[in-house]
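Using the sequences and the accompanying hints, generate a full structural model.
Same order as they appear, the protein sequences are chains A and B. Counting from 5, one number per residue, gives the positions in the first sequence under the working numbering. Counting from 415, one number per residue, gives the positions in the second sequence under the working numbering.
Derived by calculation from the structure, the hints in this document are not laboratory data. Errors might be hidden in some of the hints.
Claimed, not checked - Partial selection, computed: residues in chain B whose CB lies under 7 Å from chain A:
| # | residue |
| --- | --- |
| 1 | R634 |
| 2 | F653 |
| 3 | A654 |
Claimed, not checked - Looking from chain A toward chain B, a few residues come up when the C-beta cut is under 8 Å (computed):
| # | residue |
| --- | --- |
| 4 | A362 |
| 5 | G364 |
| 6 | E369 |
| 7 | A377 |
Claimed, not checked - Across the chosen pairs, the derived CB separations fall in these ranges:
| # | chain 1 | residue 1 | chain 2 | residue 2 | range |
| --- | --- | --- | --- | --- | --- |
| 8 | B | L558 | A | R465 | 46 to 52 Å |
| 9 | A | R39 | B | S561 | 50 to 56 Å |
| 10 | B | L627 | A | G409 | 46 to 52 Å |
| 11 | B | Y579 | A | G415 | 49 to 55 Å |
Note that this is a predicted model, so its numbers are computed, not measured. Don't be surprised by glycine CBs; every beta carbon is placed ideally from N, CA and C.
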Amino acid sequence: MADGTGSGAAAVDPRPLFGAYGIVKRFGSFTANDRVDLEIRAGEIHALLGENGAGKSTLMKILYGLLEPTEGVVTHRGEAVRLRNPEAARRLGIGMVFQHFSLCENLTVAENIALVMERGLRRGTLAERIAALGATYGLHLEPDRPVWSLSAGERQRIEIVRCLLQEPKLLILDEPTSVLTPGEAELLFTVLERLRAEGRALLYISHRLEEVRRLCARATILRGGRVVGACDPRAESAASLAALMVGEQVREVAPGPTTSGGGERLRLEQLSLPAPGLHATGLRAITLGLRGGEILGIAGIAGNGQAELFAALSGEVPAPQAGAVRIDGTPAGHLGVNARRRLGAAFVPEERNGHAAAPGMSLSENVILSRHATAPLTRFGLVRRAAARALAGRVIEAFDVRKAGADPAAGTLSGGNLQKFVIGREIQAEPGILVVDQPTWGVDAAAAARIRQALLDLAARGSAILVISQDLDELFEVAGSIAVLHAGHLSPAVPRTGTTREAVGLLMGGAGGPPVAADAAASGRAVTRSEIAHAP
Amino acid sequence: MRLDLVPRDRRSPLAAALSPVLAFLTAVLIGGVAVAMLGVAPGAAFTVYFVAPLSELWSLQEIALKAAPLALIATGLAFCYRANLWNIGAEGQFVVGGLAGGWVAIATHGSAGFTAWILPAMLIAGTCAGIAYAMIPALLRVRLGVSEILTSLMLVYVAELLLDYMARGPLRDPAGFNFPQSVGFDEAARLPYLMEGDTLHAGVLVALVAVVLATLVLGRSLFGFATRVAGASPRAARFAGFSEERLTLAAFAISGGAAGLAGIAEVAGRIGQLQPTISPGYGFTAIIVAFLGRLSPLGILAAALVIAVTTIGGEAAQIDLRLPLDLTRAFQGLLLCLVLGADVLTRFKVRLVPGAAR
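Have a look at this one:
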């Protein structure tokens with residue numbers, strides 16, 4: 005199934021199933037798509053590659069009728085069509101699976117599917133059709149399960165089934181594996197392969213070049229809103245694809261240190277916290293130690309306690325015992341985030357907009373946000389705006405943050421640039437301990453390489469770094485040792501050189517961990533276990 | 415056919431500055447049409463509403479006296495609203511402030527000798543009472559998660575009825591022929607007049623000082639920064655280590671204190687005694703003023719003056735042109751809608767999208 009082309013039935017039809025020619029989309033003075041051409045044939049999985057801001061989303065939205073192009077034409081079997089809205093696109097047989105699911109947590113699987121179907125469909129019929137699709141494609145779903153109890157992979161299946169019920173000829177998938185375990189991703193690939201073999205077309209958008217090389221026979225590469233190349237990904241290496249995307253050779257990141265010289269800087273001792281909400285995960289007796297110079301990677305699928313662990317480490321949620329968190333030997337479990345910063349710790353949350361940074365505020369104000377307790381940014385309770393601007397300037401220069409204007413609002417920066425700014429803001433303080441949640445999530449390859457290198461450099465200067473990430477490639481690139489967070493339980497850390505992606509992937513699915521306690525099973529997180537059981 | 419709001423790439427500072435002016439002009443135009451439909455010449459009405467109040471010394475003083483409590487209360491409210499806290503009960507905090515400060519004046523009535531401490535004590539008592547009264551919804555929210563909107567609003571009626579009872583009962587002037595009012599305050603318990611023989615009193619200065627202080631605190635201090643972050647991005651505020659609890663209590667204390675101070679300034683200034691009612695709804699009008707002024711103290715000062723002018727003008731129009739007072743209220747509401755609408759238009763473009771509504 006690694007072979008992506010096959011001899012699709014529609015390959016004989018010279019006209020592409022869907023074509024987009026000379027697509028130009030302008031937002032004010034900004035050109036998001038500049039004379040983009042794209043042809044999608046029936047029976048192919050076509051990759052759309054590009055950095056953040058390259059114009060992939062705009063093109064996708066045009067194809068799905070969410071945006072109308074400023075210029076250019078979309079064709080269906082050679083005839084020009086106008087996609088005024090998603091209904092028009094769906095009538096032509098275009099379906100889309102979004103990166104962020106649009107599901108109602110409190111409704112069941114069947115109810116969520118019924119929401120988007122035409123009226124008058126009887127529930128019994130719907131359940132049968134769901135079951136039939138499940139049997140055909142291996143998309144197993146229990147129609148009566150409430151969505152909140154499902155894993156990300158199962159949720160994604162609902163989205164796919166929703167699309168398939170409308171018999172699409174073209175299915176657009178936006179970063180579909182970003183929330184999946186390796187096992188779940190394998191299942192998805194099998195489904196996609198079957199859909200392709202039926203003669204459907206798939207437009208596959210992903211940052212993960214290895215997947216693209218595996219699945220796709222053709223790729224269109226966007227950079228700065230223009231098509232910069234088309235290729236057969238199987239004939240390229242991941243590095244050469246990345247180079248096409250960013251227009252430069254991506255720097256190889258120097259390997260992370262596997263041994264450490266320093267003393268222990270961060271320690272968690274039997275850290276347990278109850279789940280903060282119905283759909284959240286509690287932390288269960290987490291113990292870890294981290295020395296200066298070490299980078300510990302924490303793998304895991306979203307929703308297994310990452311957010312809760314980050315909050316417990318940062319002090320946004322204090323621990324019940326002071327000794328549960330030690331920073332350079334000082335008990336810090338009871339301390340708030342600023343007291344921990346004064347002890348030399350720094351934190352980068354997952355969400356850039358609204359957590360790590362206030363999007364409506366300027367960059368210099370966002371420096372004050374996390375540095376007001378540790379940098380000389382205030383005097384007599386008043387903010388020293390010049391000092392904040394100077395500090396922001398140093399971060400911007402050191403991390404090559406691209407921005408418009410002297411001191412723009414954080415929300416106007418692209419994802420990669422804002423992430424560089426946020427990470428740079430913390431690294432500039434030379435923290436003894438840095439905790440980073442998803443350091444390069446949704447960040448383009450060049451910015452990701454820069455961020456990873458900065459983490460490695462900081463560790464080389466003697467800091468202890470804890471990286472929480474869902475991206476195994478990233479962890480294997482930067483971390484010296486890796487532990488897995490599953491259902492609020494942290495597996496023992498193992499050296500990177502002593503483990504494999506497959507072994508970590510199994511742990512991410514919950515295999516090999518200690519028995520899952522009843523409370524975790526009730527919280528619905530343990531269902532990922534059954535995911536693995538379905539795996540081939 | 416449907417309307418879409420598309421975010422503008424950049425918000426022009428000129429458009430942001432001009433939008434309230436444009437909104438005001440539009441409101442005047444619509445108001446003119448309404449006046450014409452009531453059978454009054456719009457030109458004459460415009461003169462009575464907006465020109466006459468600004469052309470005589472006594473009415474200028476009236477405007478300042480009306481604007482001062484509005485500006486003071488709205489400035490305090492700006493802290494709450496910036497932090498996304500909805501204190502709707504400034505009217506109650508105003509009343510309680512007036513009552514507590516007034517009680518000091520009544521208790522010291524007729525005392526001889528050194529009396530210079532009485533007025534400061536009244537102002538402090540009024541401010542503290544306002545703070546304490548605002549702490550009720552604040553603590554209920556912080557400790558029990560009760561919506562501050564409902565509690566602060568309902569406490570307004572508690573305060574009004576308490577004042578009503580006190581003015582008719584325990585604090586009534588025993589020699590006042592059973593009129594429901596307290597004794598007239600001594601000279602030492604009154605805010606001094608700024609000009610001999612006029613109505614303008616020192617409470618106006620208090621409002622000005624508050625506006626300047628609030629500009630500094632909100633714009634320049636770490637506390638003001640924390641308030642703004644808490645409102646705009648609450649998770650980022652938590653990440654910054656700003657305690658939501660403390661910010662909530664502080665914002666309510668500031669708005670309650672400002673309302674309480676405005677209350678006692680009104681009682682010790684213009685009224686000079688306790689009556690069953692001491693406010694023509696300043697605490698509620700101040701909510702409009704706060705948003706008209708876009709939650710910035712200087713903007714609030716300007717908005718308070720505009721509202722004061724239309725109120726004074728509205729009273730004159732009622733007498734001179736027999737126009738209903740409700741027209742003034744409608745105009746003030748219209749103005750708020752237009753200012754908020756213009757604000758949206760500076761941030762978004764309106765686009766007509768053909769096709770069915772989604």
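Taking the hints in turn, this is what the structure says about them:
1. This hint holds: R634/B has a C-beta 5 Å from the nearest C-beta of chain A, less than the 7 Å allowed.
2. Proximity of F653/B to chain A holds as hinted, the smallest CB-CB distance being about 6 Å (cut-off 7 Å).
3. Against a cut-off of 7 Å between C-beta atoms, the interface hint on A654/B holds, since the closest Cβ of chain A lies about 5 Å away.
4. Given the 8 Å rule on beta carbons, the hint for A362/A holds: about 4 Å separates it from the nearest Cβ of chain B.
5. Because the closest C-beta pair between G364/A and chain B is about 5 Å apart, less than 8 Å, the hint holds.
6. The criterion of a C-beta within 8 Å of any C-beta in chain B is met by E369/A, whose closest approach is roughly 7 Å, and the hint holds.
7. Checking A377/A against chain B: minimum C-beta separation of about 6 Å stays under 8 Å; hint holds.
8. Taking the beta carbon of each, L558/B and R465/A are about 48 Å apart, inside 46 to 52 Å as hinted.
9. As the Cβ distance of R39/A to S561/B is approximately 54 Å, the hint placing it in 50 to 56 Å holds.
10. Taking 46 to 52 Å as the suggested C-beta distance range, the pair L627/B and G409/A does not conform, at roughly 31 Å.
11. Between Y579/B and G415/A the CB atoms are about 52 Å apart, so this pair conforms to the stated range of 49 to 55 Å.
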